[in-house]
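*Asks:* Protein chains in written order, with the numbering used here: chain A, 85 to 466; chain B, 2 to 260; chain C, 44 to 369.
Note that these hints are calculated values from the structure, not bench results.
Treat the hints with care, since some could be wrong.
Unchecked claim - Residues from chain A that keep clear of chain C, each with C-beta distances beyond 12 Å, as calculated:
no.	residue
1	92
2	314
3	353
Said to hold, decoys possible - Under the rule of at most 25 Å between Cα atoms (straight-line distance), these lysine to aspartate or glutamate pairs were calculated in the DMTMM-like manner:
no.	chain 1	residue 1	chain 2	residue 2
4	B	202	A	87
5	B	199	A	201
6	A	103	C	247
7	C	154	C	168
8	B	202	A	93
9	B	257	C	206
10	B	199	A	312
11	A	357	C	335
12	A	429	A	282
13	B	199	A	132
Keep in mind that this is a model prediction, so the values were computed, not measured.
Every residue gets a Cβ at the ideal spot worked out from N, C-alpha and C, and that includes glycine.
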Amino acid sequence: MPDFSLSPEQESLRDLARKFARTEMAPHAAECDKNARFPEEIYRKAFDLGLMNLNVPAEYGGSGLGVFDQCLIVEELAYACGGMTTSVIANCLALEPILLGGSPEQKQRFLAPFCAEYQFASFCLTEPSSGSDAGGLRTRARRDGDHYVLDGEKCFITNGPHASLYTVFATIDPALKHKGITAFVVPRSTPGVAPGKDEDKMGHRASSTSTVRFDQVRVPVADRLGAEGDGFSIAMRTLDQTRTPIGALATGIAQAALDHAAGYSLKRQTFGKPIAEHQAIQIKLANMAQAVHAARLLTWHAAWKIDHGSKGTLESSIAKCFASDAALHVADEAIQTFGGYGYMKEYPVEKLLRDAKLTQIYEGANEIQRTVIARELLRAYA
Amino acid sequence: MEIAVCVKPVPESETRLRVAPDGRTLDPEGVKFVLGGYDESAVEQALLLKETVPGSTVHVLTCGPSPRAEEVLRASIALGCDRATWVEATAPLAADPVRAAVAIAAVLRSAPPGLVLCGKQAGDDEAGLFAGALGELLGVPDLGYVVDLRWDATTQRFRFQRVTEAGLERWEAPLPVVIGLQQAWNDPRTAKLPNILKSRKAPIAKFPADPAASTSQSVPEKFELPAPRNGARMIEYKTPQEAAQTLVRILREEAKVFP
Amino acid sequence: MTVLVVGETVDGHLVAATRETVSVARSLAGGPGGVVGFAAGAHARAGAGEFGRLGISRVLVAEEGRLDRAPVAATAHAVALAADAAGADTVLVGGTTFGRDLVGRLSVRWKAAVSSGVTEATRVEGGIRVRRPVFGGRATETRRLTGPHFALALRPHAFPIPEETPGTPQIDTIPPANLPETLFAPQRTALEGASAGQGPSLGDASIVVSGGRGVRTAEDFRLVEELAASLDAAVGASRAVTDAGWRPASLQVGQTGRSVSPQLYIAVGISGAIQHLVGMVSSRVIVAINSDSSAPIFRVADYGIVGDLFQIVPALTAEIRRARAT
Numbered sequence: 085m086p087d088f089s090l091s092p093e094q095e096s097l098r099d100l101a102r103k104f105a106r107t108e109m110a111p112h113a114a115e116c117d118k119n120a121r122f123p124e125e126i127y128r129k130a131f132d133l134g135l136m137n138l139n140v141p142a143e144y145g146g147s148g149l150g151v152f153d154q155c156l157i158v159e160e161l162a163y164a165c166g167g168m169t170t171s172v173i174a175n176c177l178a179l180e181p182i183l184l185g186g187s188p189e190q191k192q193r194f195l196a197p198f199c200a201e202y203q204f205a206s207f208c209l210t211e212p213s214s215g216s217d218a219g220g221l222r223t224r225a226r227r228d229g230d231h232y233v234l235d236g237e238k239c240f241i242t243n244g245p246h247a248s249l250y251t252v253f254a255t256i257d258p259a260l261k262h263k264g265i266t267a268f269v270v271p272r273s274t275p276g277v278a279p280g281k282d283e284d285k286m287g288h289r290a291s292s293t294s295t296v297r298f299d300q301v302r303v304p305v306a307d308r309l310g311a312e313g314d315g316f317s318i319a320m321r322t323l324d325q326t327r328t329p330i331g332a333l334a335t336g337i338a339q340a341a342l343d344h345a346a347g348y349s350l351k352r353q354t355f356g357k358p359i360a361e362h363q364a365i366q367i368k369l370a371n372m373a374q375a376v377h378a379a380r381l382l383t384w385h386a387a388w389k390i391d392h393g394s395k396g397t398l399e400s401s402i403a404k405c406f407a408s409d410a411a412l413h414v415a416d417e418a419i420q421t422f423g424g425y426g427y428m429k430e431y432p433v434e435k436l437l438r439d440a441k442l443t444q445i446y447e448g449a450n451e452i453q454r455t456v457i458a459r460e461l462l463r464a465y466a
Numbered sequence: 002m003e004i005a006v007c008v009k010p011v012p013e014s015e016t017r018l019r020v021a022p023d024g025r026t027l028d029p030e031g032v033k034f035v036l037g038g039y040d041e042s043a044v045e046q047a048l049l050l051k052e053t054v055p056g057s058t059v060h061v062l063t064c065g066p067s068p069r070a071e072e073v074l075r076a077s078i079a080l081g082c083d084r085a086t087w088v089e090a091t092a093p094l095a096a097d098p099v100r101a102a103v104a105i106a107a108v109l110r111s112a113p114p115g116l117v118l119c120g121k122q123a124g125d126d127e128a129g130l131f132a133g134a135l136g137e138l139l140g141v142p143d144l145g146y147v148v149d150l151r152w153d154a155t156t157q158r159f160r161f162q163r164v165t166e167a168g169l170e171r172w173e174a175p176l177p178v179v180i181g182l183q184q185a186w187n188d189p190r191t192a193k194l195p196n197i198l199k200s201r202k203a204p205i206a207k208f209p210a211d212p213a214a215s216t217s218q219s220v221p222e223k224f225e226l227p228a229p230r231n232g233a234r235m236i237e238y239k240t241p242q243e244a245a246q247t248l249v250r251i252l253r254e255e256a257k258v259f260p
Numbered sequence: 044m045t046v047l048v049v050g051e052t053v054d055g056h057l058v059a060a061t062r063e064t065v066s067v068a069r070s071l072a073g074g075p076g077g078v079v080g081f082a083a084g085a086h087a088r089a090g091a092g093e094f095g096r097l098g099i100s101r102v103l104v105a106e107e108g109r110l111d112r113a114p115v116a117a118t119a120h121a122v123a124l125a126a127d128a129a130g131a132d133t134v135l136v137g138g139t140t141f142g143r144d145l146v147g148r149l150s151v152r153w154k155a156a157v158s159s160g161v162t163e164a165t166r167v168e169g170g171i172r173v174r175r176p177v178f179g180g181r182a183t184e185t186r187r188l189t190g191p192h193f194a195l196a197l198r199p200h201a202f203p204i205p206e207e208t209p210g211t212p213q214i215d216t217i218p219p220a221n222l223p224e225t226l227f228a229p230q231r232t233a234l235e236g237a238s239a240g241q242g243p244s245l246g247d248a249s250i251v252v253s254g255g256r257g258v259r260t261a262e263d264f265r266l267v268e269e270l271a272a273s274l275d276a277a278v279g280a281s282r283a284v285t286d287a288g289w290r291p292a293s294l295q296v297g298q299t300g301r302s303v304s305p306q307l308y309i310a311v312g313i314s315g316a317i318q319h320l321v322g323m324v325s326s327r328v329i330v331a332i333n334s335d336s337s338a339p340i341f342r343v344a345d346y347g348i349v350g351d352l353f354q355i356v357p358a359l360t361a362e363i364r365r366a367r368a369t
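So that you can see chain A by itself, here it is in the shape it has in the complex (with noise of 0.2 Å):
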């Protein structure tokens, strides 16, 4: 990856996405995470331009992106609100599975037509005693003739309470652990499958996370992905490309933290001058700048490595790990250079710190992260 430049098409994608988070999403983020309102003609305007399911191929109706021009595109959203951001991409975290463990008929029988429409799916994984845990989860799939009949509780399911399509696993068999685990394509329609309501959280408050309860809930044969069994790796391979755009987007933002501390810092005086001139601040401004630049670089190494072909789960497991601690540090120090004005609601720096908490929780808890990383690690040394 010698030239670091990015191509001219790059450079539009990048524009596009900025120019649509900087004016239509920007201006409602405070209101929405203050009234923790879902914004549908943000999200629908989203959609008509071509920047909600960024991963599926052109020939499903999707955007046919490769992981680095999603980061570019990622970053630029979350820049102007993480929470929104986090709503416009699930879709293609709930498609990945699909793309890699479908069949081409299913493929095109799934794909095509929810591309084609302004909708949302979910990717539906954590359950209430097993996140980190997935190979836990126990969610049942009994099989009955040609259908499966699924029962259980996911939880913590983003866009849950609005979605037509879910991308569910479920065991087969709890005795087989991971092995028991198969994946299904569940479309919301089907009886028995009741999202919860909207939970109330600290950040991302734009975006809609629930549980949703399968209540026996039939799914045809034909809608499983894969052999019985394949889900756990097809749910491990989907977040192994998934991983590296959160990265990007805990990679917005902080630089959205650092524009906000940096401006700031150089019209707020103190001791007759900027504050910026004060040793204290650049120190911190130098350090959230550092930290702002390597998110930005270890994120676009594992995305391109990936789209080179490589597994790159070491790079993207330290890019997300990295970028979403950042995250969190950079928007901290974004709050204490603006003092008590950063403390308050009508400024924007504390909307950046909780939004930043939830990088380093979800598509994996750093904690696992940092057990991926020493064992990708390890490998090398074995």
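Here the structure of chain A is known, so what remains is to put chains B and C in place on it, guided by the hints.
*Replies:* Here is chains B and C on its own, set in the frame of chain A:
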């Protein structure tokens, strides 16, 4: 209707302005050139007319150097323009609106369109001279500061308004005509991602600028940024009337802003 | 060298932008003797008379009434003929919508070196040097124009209007040109004057007067509006004013509102918080009126008045009205 839209690559509005080493122009280093706001309105108007007048095509043209000229053409294609022409010219030449008009007129003369649309002025030099020069070169009247442009198919005329110092003027004009559009009275569309990707591969017709037309009568000598402010000069006064008189005098004589 | 000043008339009177060109015309002509006026349309003679009172002793007129309702392209033909008839090497016009378009046409019609929005113009070896704002007033460029012909549209509000003195000019008629009929194909069908109380828009205005929290009440904000009206200025407001609902959000100047860079920005009762400053700090001249001498606005203003705005602003409005009337 054959519609031609003339656009100019201009520095994006957030650009931090810097003086070039020779002191004569803006330092283009690191500057991103884009389709400016006025031109976006012109392209939008062209596309709206294409959508309402059956059988219309939109031809976007620009005069300028690589890569900025090509980029604004691709941006226009991504928005929906049917074909694009690039008259290749150096930055100084393209910066002279009269030279740019000469270059564009040379292309349009061979197949004159019914309507030529431009932005009211360029986002950088704000000269507002291009449409007049182009109209004169093509032997076609031009109207600037236009809003609410509508085509009346029954009378085969445009109906529009112009916002001028005198107020609001209502006009009618048949083809051929050059129209300079006021900014943002229409709501320029945003190019969709799939069209952005497609525009990268669209063909662009390329012409060299006629060297005979290449001598500009307007040469930049200096480009200056305002000096940073040092704090206000406070006006002393005994009565409010005296303060007012002093201020008005200062504005006229010192600041040369004449209320 | 002779300079032709093109007059723009409204209701038979020369507009302010035309009057503002006279001092520059004199300086470029090397004295009042070298300035010739031009007026076109149905009110050409009335306009010519006013030129006389501005010290211009010869005016060429093209009296075809239909020029008033035709595109400027038609008038440009007449201007070129008049400039040649007067032996002028330079055409000057106020930089209104009319003037800028005229200059654009003259660049080809009269093969003139052109510039618009000009704030300074001086003769130099082989040409004319002009200065003009660019990038929304955030920078200034100086250009050298080489002739033999020049056509300049001067920036409105940038030059003084000379005192009127009695005088009657010699008026000569330009014979009607054989203007191509295509130039008359577009027709103006109606002219609606700017509605009362509707000043220029914030984005275009040469002068902006903004009010802040110091104005105290929604009713008292009219002081700001009266000052703006006396200057034909656009009205702006700080966020405190729009948040309080005293005026619509479309008037807000600042980080979350509009960015403006007029020739003159007058901040009334505005403290100068960062959010406001970023919206107006690139204005060419900033005047601040505030009762608090340590208000941050005074750091970015060029001129400041510390005092009670309820006394200062009405006095300023009155003084401006008086100064403009003379």
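*Asks:* Over 12 Å to the closest beta carbon of chain C is the bar; see if residue 92 of chain A clears it.
*Replies:* Holds, because the least Cβ-Cβ distance between residue 92 of chain A and chain C comes to about 24 Å, which exceeds 12 Å.
*Asks:* For the pair supplied as a hint, residue 202 of chain B and residue 93 of chain A, confirm whether the alpha-carbon distance does not exceed 25 Å.
*Replies:* holds (10 Å)
*Asks:* Starting from residue 429 of chain A, check that the Cα of residue 282 of chain A is at most 25 Å away, please.
*Replies:* With a Cα-Cα distance of about 22 Å, the restraint between residue 429 of chain A and residue 282 of chain A holds, given a limit of 25 Å.
*Asks:* Need the status of pair residue 154 of chain C, residue 168 of chain C: alpha-carbon distance at most 25 Å?
*Replies:* Holds: residue 154 of chain C and residue 168 of chain C sit about 19 Å apart, inside 25 Å.
*Asks:* Given the proposed pairing of residue 103 of chain A with residue 247 of chain C, does the C-alpha separation stay at or below 25 Å?
*Replies:* holds (24 Å)
*Asks:* Assess, step by step, whether the Cα of residue 357 of chain A is no farther than 25 Å from the Cα of residue 335 of chain C, and give holds or violated.
*Replies:* Holds, at roughly 20 Å.
*Asks:* Would the hint linking residue 202 of chain B and residue 87 of chain A be met if the CA-CA limit is 25 Å?
*Replies:* The given pair, whose Cα atoms are some 22 Å apart, holds under the 25 Å limit.
*Asks:* According to the definition I'm using, a residue is off the interface if its beta carbon is farther than 12 Å from all beta carbons of the partner; does residue 314 of chain A meet that for chain C?
*Replies:* holds (51 Å)
*Asks:* Are the Cα atoms of residue 199 of chain B and residue 312 of chain A separated by 25 Å or less?
*Replies:* Violated, because 40 Å separates the two Cα atoms, which is more than 25 Å.
*Asks:* Has the given pair, residue 199 of chain B with residue 132 of chain A, been kept, meaning a C-alpha gap of at most 25 Å?
*Replies:* Holds - the C-alpha atoms of residue 132 of chain A and residue 199 of chain B are around 16 Å apart, at most 25 Å.
*Asks:* Closest CB-CB distance from residue 353 of chain A to chain C, is it above 12 Å?
*Replies:* Residue 353 of chain A is in fact no farther than 12 Å from some Cβ atom of chain C, at 8 Å.
*Asks:* Given the hint that residue 257 of chain B pairs with residue 206 of chain C, test it: the Cα-Cα distance must not exceed 25 Å.
*Replies:* holds (16 Å)
When the structure is compared with the earlier hints, violations turn up for hints 3 and 10 and for no others.
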